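Peer 1: Here's the letter readout for the chains.
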Amino acid sequence: MQREQISALREGALASAALLVGIVPWGIVAGVAMVSAGLTKAQAVAMSVLVFAGTAQLAVLPLLVAKAPLWVMCATALVVNLRYVIYSAVLAPHFEHLPRPWRVLLSYITVDGVFALFAGRYRPDDANRHKHWYFLGGSLLMWCAWQVSSWIGIFAGALIPKDWSLEFAATLGLIALLMPLIFDRAAVWAALAAGGVALIAAKLPLNLGLLAAIAVGVAVGLAVARLGPRREEGSV
Amino acid sequence: MAAESWFVWALIAGMAAIAFFTRAVFILPGSHLRLPPTAERVLRYAPAAALVAIVVPDIALAHGAFSISIENPRLVGGLVAFALAAATRSILATIVGGMLALTLVRLLAG
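Sequence lines, in order, name chains A and B. Here the first sequence stands for residues 7 to 242, numbered as in the numbering used here. Here the second sequence stands for residues 2 to 111, numbered as in the numbering used here.
The shape of chain B in the complex, shown without the other chains (with noise of 0.2 Å):
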């Protein structure tokens, strides 16, 4: 089930080459540029994007199937984690309220 060792190394090689180069890009050379406008929309929404690219999948999806379903936990875990995110802001009680959704579906549907 673990990946192998030398993939992770590698992916957390990767990681922090990248983590590094994003952050120094512009203080390291002592830069001066400004980021034009559209430029900077990109770097704004790609992030947005991408979380969220990778979350629907994540909670509606099972096997590779759309599984729009209230016994499908972690579509149902997901969508209280967004209602808490969007109500609190809070990063402990979206995931607190995610984790026991989640777990109180496989209760029920167990």
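Here chain A stands alone, though its shape is the one from the complex (with noise of 0.2 Å):
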């Protein structure tokens, strides 16, 4: 590595620092939350690693307790990670020159809080041939972050009893998780509308009362910002 690189790699890492406070203790409560919904030790650890996606980790857990059928358990992951598919189009371009174990390292180790950071700070057409050492540098400390606090709720959560009710902490995560999803009013009508269907339709088979309010929510908040392009445009 030249010395660059090194200072891209620690200026990504120490700029990301700050995102520890919040990345702690919630991989804390999802290894907690993990165990108290059944899962073993192992398959924890083996989530913790092989998906990396907290949000989507925390929200199948309330279907997994429920006994939800595999595939709605998935659609809603898919769903939950769909954010990531607007960051993949945004970081293509800067890591487009990189050779394929480099782009497949970059996309497994995406997350929310260093693609924000990484965003704001390079345009698409900045020329700076090490920026991705400033994503890894980042990505690596969350990765390490995360592994390393879910381990501590994994081991943690294996001790306390179970008539705690700790699975209960993945859905208030998932509380604090929606606070910046709802960052305009189509987004706060598409949640309203989201969680009104899901209440009436509960009690369809399948969890398709779960499939039902996405659609719906998706459709008020398109119909929203459709109706008033007004001031709170092109935030976030």
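Since the hints were derived computationally from the structure, they do not count as laboratory data. None of the values given here were measured: they were computed from a predicted structure. One thing to keep in mind: the hints can contain errors.
[Stated by the list, open to error] Partial list, derived from the structure: chain B residues whose beta carbon lies under 7 Å from chain A:
no.	residue
1	Leu12
2	Met16
3	Ala17
4	Arg24
5	Gly31
6	Pro48
7	Ala51
8	Ala54
9	Val57
10	Pro58
11	Leu80
12	Phe83
13	Ala84
14	Ala86
15	Ala88
16	Leu105
[What the hints assert, rightly or not] Below, a sample of chain B positions facing chain A; criterion: calculated Cβ distance under 8 Å:
no.	residue
17	Trp7
18	Leu34
19	Pro37
20	Ala63
21	Ala110
Every residue, glycine too, gets a C-beta built ideally from N, C-alpha and C.
Quick one: dock chain against chain with the hints and give me the complex.
Peer 2: Right under this line is the structure:
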């Protein structure tokens, strides 16, 4: 490694250090919630390493406890992860010159916070040849913090009595993660519509109520966005 | 109570594939596609809708029936968590406060 690469790596890690305050407690909660929802320690460790997507991990746990079918949980993980498709489109031009193993690694390791830092710092046409080291530095720090804090939660969670209902921490964590996603008026209406339909349709088999709620929520969000393209435009 | 082992492993495999695919979809082929604004909106609203659709039944239903009552510990815990999330934006405060409210209602109702 050249000196510039090391310094970009370090710079990315330092800039991302502020995100540790958020990711460490969240990782611990995810770890505790996974074992409280019935995963073995090995399964929980495998999930945090292989999936490495906290929101999706937390989102499937209430469904796992409620004995939802496999395809419904996978569909939910897909929908929750759709925000990564946006990140992927934004990041692609930055990384297109890199060899394939690099692109595989950077895809796997993308997280919200580092994406936001990176996208705020580098324009797509920025010719800086070491910017992927900056991304890697921040992402590696987040990856290590996520794994270690998850393992702490997994091993602590196995010691906590069942009747503390700590699997409910997954639902509470989703509430915290929801706030930054409700970023404009249309998103608020999308969320309200989804919540209403989810309640009304809760009795439908195969958790179809969940999927109906997502579809109606997105449709309402689009309709509101189309009706009133006013001052909230362009946020986030 | 715990789901069967093969089922959980299949879930982990499926989620791992999905998590990688959604992140790699443009990075891996090196695509230069600009997402149209409508597509970007759908991709933004869907996760919010999904999270609400998971959370709301989990806190407002008990044994499959509406349970809008101060004696429903999950509803009280969830509403306290909503208030804390909106006020503090802190994941830790949201979860700790919500769990405390849940426990308090259980002790008082117990």
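Peer 1: Does each hint hold? Answer for all of them.
Peer 2: So, going through the hints one by one against the coordinates:
1. Given the 7 Å rule on beta carbons, the hint for B:Leu12 holds: about 6 Å separates it from the nearest Cβ of chain A.
2. Look at B:Met16: its Cβ gets to within about 5 Å of chain A, closer than 7 Å, so that hint holds up.
3. Checking B:Ala17 against chain A: minimum C-beta separation of about 4 Å stays under 7 Å; hint holds.
4. Interface hint at B:Arg24: satisfied, since its Cβ lies 4 Å from the closest Cβ of chain A, which is below the 7 Å cut-off.
5. With its C-beta approaching chain A no nearer than about 4 Å, B:Gly31 sits inside the 7 Å limit, and its interface hint holds.
6. Taking 7 Å as the C-beta cut-off, the interface hint given for B:Pro48 holds, the closest approach to chain A being about 5 Å.
7. Annotation: B:Ala51 was flagged as interfacial toward chain A, and the flag holds, the nearest CB pair being 4 Å apart, inside 7 Å.
8. With its C-beta approaching chain A no nearer than about 4 Å, B:Ala54 sits inside the 7 Å limit, and its interface hint holds.
9. The criterion of a C-beta within 7 Å of any C-beta in chain A is met by B:Val57, whose closest approach is roughly 4 Å, and the hint holds.
10. Hint status for B:Pro58 relative to chain A: holds, with the closest Cβ pair at about 5 Å, below 7 Å.
11. Because the beta carbon of B:Leu80 sits about 9 Å from the nearest beta carbon in chain A, more than 7 Å, this interface hint is broken.
12. For B:Phe83, the suggested interface contact is upheld, since its CB lies about 6 Å from the closest CB of chain A, less than 7 Å.
13. The criterion of a C-beta within 7 Å of any C-beta in chain A is not met by B:Ala84, whose closest approach is roughly 10 Å, and the hint is violated.
14. For B:Ala86, the suggested interface contact is upheld, since its CB lies about 5 Å from the closest CB of chain A, less than 7 Å.
15. A hinted interface residue such as B:Ala88 counts as satisfied when its beta carbon comes closer than 7 Å to some beta carbon of chain A; here the least separation is about 10 Å, so the hint is violated.
16. The interface hint given for B:Leu105 is violated, since its Cβ lies 13 Å from the closest Cβ of chain A, which is over the 7 Å cut-off.
17. The interface hint given for B:Trp7 is broken, as the beta carbon of that residue sits about 10 Å from the closest beta carbon of chain A, more than 8 Å.
18. Interface hint at B:Leu34: satisfied, since its Cβ lies 6 Å from the closest Cβ of chain A, which is below the 8 Å cut-off.
19. The beta carbon of B:Pro37 comes no nearer than 11 Å to any beta carbon in chain A, farther than 8 Å, and the hint placing it at the interface is violated.
20. At about 11 Å, the closest approach between the beta carbon of B:Ala63 and any beta carbon in chain A exceeds 8 Å, and the interface hint on this residue is violated.
21. Against a cut-off of 8 Å between C-beta atoms, the interface hint on B:Ala110 is violated, since the closest Cβ of chain A lies about 14 Å away.
In this structure, the earlier hints numbered 11, 13, 15, 16, 17, 19, 20 and 21 are contradicted, and the remaining ones agree with it.
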